[in-house]
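Student: The residues making up each chain are set out below.
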Amino acid sequence: MSMPAEGTPARADGASVDPARRRFLALSLVAPAVVALGSCSSGPRAAARAPVYFSGAEKRFVDAATARLIPADALGGGANEAGVTDFIDLQLAGAYGRAERWYMRGPWPTGTAQQGFQLKYTPAQIYREAIADVEAHCQQQYGKPFAQLAAAQQDDVLHALEGGKIKLAKVPAKTFFALLWQNTQEGFLADPAYGGNRDFTGWKLIGFPGPRYNYVEEIEHFGQPYKQPFVSLVGRDPGAHQPGEA
Amino acid sequence: MAKRLPPVDVVLVGFGWTAAIIAQELTEAGVQVLALERGEFRDTVPDFATDTIQDELRYAVRKQIFESPERETLTFRNSADQTALPMRHLGSFMPAAGVGGAGVHWNGQCWRFLPSDFEIRSQVEQRYGSKFIPEGMNLQDWGVTYDELEPHYDRFEYLCGVSGKAGNLAGTKQPGGNPFEGPRKHDYPLPPLKRSASTTLFDKAAREAGFDPFPCPAANASKPYRNPLGVQMGQCTYCGFCEWFGCGNYSKASPQTTILPVLLKKDNFSFRTRCNVTRVNTDGRGKQATGVTYVDIDGNEFEQPAGMVVLCAFAQHNVHLLLLSKIGTPYDPQSGQGVVGRNYAYQITSSVDVFQKEILNPFMGAGALGQGVDNFNGENFDHGPLGFIGGGYIALWNTGGRPILQHQLPKNAPKWGSGWKRAMHDNYLTSTSIATHGSVMSYRNNYLDLDPTWRDDYGNPLLRLTFDFQPNEHRMSDYLTEQATKIARAIPGATHHAKKREGHYSIVPYQTTHNTGGAAMGADPRTSVVNRYLQSWDVPNLWVMGASVFPQNAGYNPTGTVGALTFWAAEAMKRYLKNPGPLVTT
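Chains as they are written, first to last, in my numbering: chain E, 1 to 246; chain H, 247 to 832.
Hint data in this document are derived by calculation from the structure and do not stem from the laboratory. Any given hint could turn out to be false.
With a cut-off of at most 25 Å between alpha-carbon atoms, the simulated SDA-like pairs for lysine to any residue come out as follows [to be verified]:
(1) E/K174 / H/K603
(2) E/K170 / E/P209
(3) H/K309 / E/R212
(4) H/K419 / H/K440
(5) H/K309 / H/Y756
(6) E/K174 / H/W666
(7) H/K450 / H/N626
(8) H/K603 / E/P209
As the structure is a prediction and not an experimental result, all values here were calculated from the model.
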């Protein structure tokens, strides 16, 4: 696997850092298509997007791994239903994936745990390197790619990554697992404006209503569930919105 | 070659809380003031508008409201025998960049320090004897007393519209307030915020545990408020996006919501953004500041001459600038001599997570909506049998319920998979957390200096932080955590998980942005960088603001004390400007 060229900005599809502009894009570009399809609160329209950063094989790995990290079950949809892969893909294609706000000058000695992250790889590079190595491990161990393993085998691989028991060439397995799990939770629980938490899957699980702004009355209604509809920064139907990066 | 600009009376480095206060005070006195800010201009609208700011991913997780370490950061190690390595992204603390500074993204937890905090060395020696002070601890009095600062605390609280309940009015204890606070002349300008389900649980449990809970002071307006400058603030809506966000509702005190609407209209005030000050310039003898050098966003270098220079950047950035400018004697940990970089301190925090059955709706909150207990702060309790110095408060802060970073899970909950989902489902609405917030003393081996290896975008050496928690702090924090656990046990039907702060200090997990010291204030130039008025001992037309002047840290959030010290220093600057020279002679 090759590294993305340094300094080549991978542009997120429809990416904008300005929510007002995101809203404008959502209204002007996406809304007519939605009207043409008829309104619906869930369905294939957002799921059909092609990855911006991930290769097809990488996307299949992330789909399969995040489906084990947050599975669909009796409590509701999991990472796949929430669009977590799309979320991570867009994040890695943007400023976060390029570590634009991190101090990335060498030299690069190894430090103590207390000194924190000291790798010269950006988040996007970590995914690319680590997924290739994990897939090589799966081929060697099971003769199949990760996505084709049985659920119990996938869990074994994930536990081994979490515990640092698989040796990856460039990135510590624990570092990759921690990043994947952090980004998976983000994709499940962040505002749907970023392409994950589709149909408020994550917020419905826990009962967070979204950015509702005013609880002056309700804060004193002790013990009572809050019953207003879920809302996103891009409205009550974020599926009609083209997501951007953070 | 730097382009030389026309001179100004006073130049301020940074444009956060302390710069806004100094600028307002000195422009009222007729002085021409210029603020140089490295970040962007920001204001309530459009930058913090409610349909923009309530975005956990963008601001709290991706940290877009804080300084970016990309251009400049610091290096860190636990002890001098290690090699310090760069802090490559933010973690343990979150300094700001941009107009308003950290005053934009703070919670509004606006405390006064205790009278004993300012005279800690004298009080400890008197009460327990000088042998009670551990080897290597640089315990120092501040050179200023609570009584001297009281009117200035008052000014800051009325500027900010702080919501709270007095516990001690002119020496008379007031029911419902903090019985341990120092005497105050006036009550808070606004009544306390509403109580939430979780702070109500805490209040009841803390009483059952035998403690004295009270509503924590909040620079979140409980009612509409017009401050003494005539600036109007709006009532807090408990939206739960204070901490690490700007306020979209003009409810949380910040320079933008309290001072800038007046200051920015003045002819004798100006500011420039995207200007990074890299040096304080001095005359040939190093006895007088002549202005500053800064670099703009395009890399152009400018020399800004000024009659007076005030460092108003974040704590460690002020120290970095002093070291780069070779002002004052750098601290040498080998000999213990020198002062710049000496007495860096922090705070030590822990928590007790609480899991119970009642719906708490944690997302309805405010940054400083809390009930607290002060029984174990400062000299409010007898340290003799406990064998440590310092203390802290215990509080339940209902700051919000942001899903990614503000959820609690039981100790044995699965880390991922269906079990994790079940634990999230079962606990998000019904769990809460009790915080402890403990002091950290200063030590010979905890300090700031310049790094020999890594450099910033301007080619300057990065600041190097050498810091670790000491046994005194661990003993104190463990004791506080035990007291907090007593409160958790008194909550009906609850289980709890005490999370002590263990082991070495780590720069990775967020703890607190209460970094202090490195340019300590004091009465003795051998152990302080600035005098009791925050005026440099070495260069009398140079002043240092903010928490960098704390000789050691106390068990409270620092902003209230930073605000009071800034008003106190502003009064001294007005005297200085009429009659320049050192305000304290040695």
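Student: All hints are to be evaluated individually against the structure, with a verdict given for each.
Tutor: Against the structure, the hints come out as follows:
1. Taking the CA atoms of E/K174 and H/K603, the gap is near 35 Å; set against the 25 Å cutoff, the hint is violated.
2. At roughly 41 Å between alpha-carbon atoms, E/K170 and E/P209 are farther apart than 25 Å, so this suggested pair is violated.
3. Using a Cα cut-off of 25 Å, the hinted pair H/K309 and E/R212 holds, with the two alpha carbons roughly 22 Å apart.
4. Simply put, H/K419 and H/K440 have alpha-carbon atoms about 22 Å apart, close enough for the 25 Å limit, and the pair holds.
5. A hinted pair counts as satisfied when its Cα atoms are at most 25 Å apart, and H/K309 with H/Y756 qualifies at roughly 12 Å.
6. With a CA separation close to 19 Å, the supplied pair E/K174 and H/W666 stays within the 25 Å bound.
7. With a C-alpha separation of about 21 Å, the suggested pair H/K450 and H/N626 falls inside the 25 Å cut-off, and the hint holds.
8. Distance restraint check for H/K603 and E/P209: the Cα-Cα separation of roughly 20 Å lies within the 25 Å cut-off, and the hinted pair is therefore satisfied.
In summary, the structure is inconsistent with hints 1 and 2 from the numbered list given earlier, while agreeing with the others.
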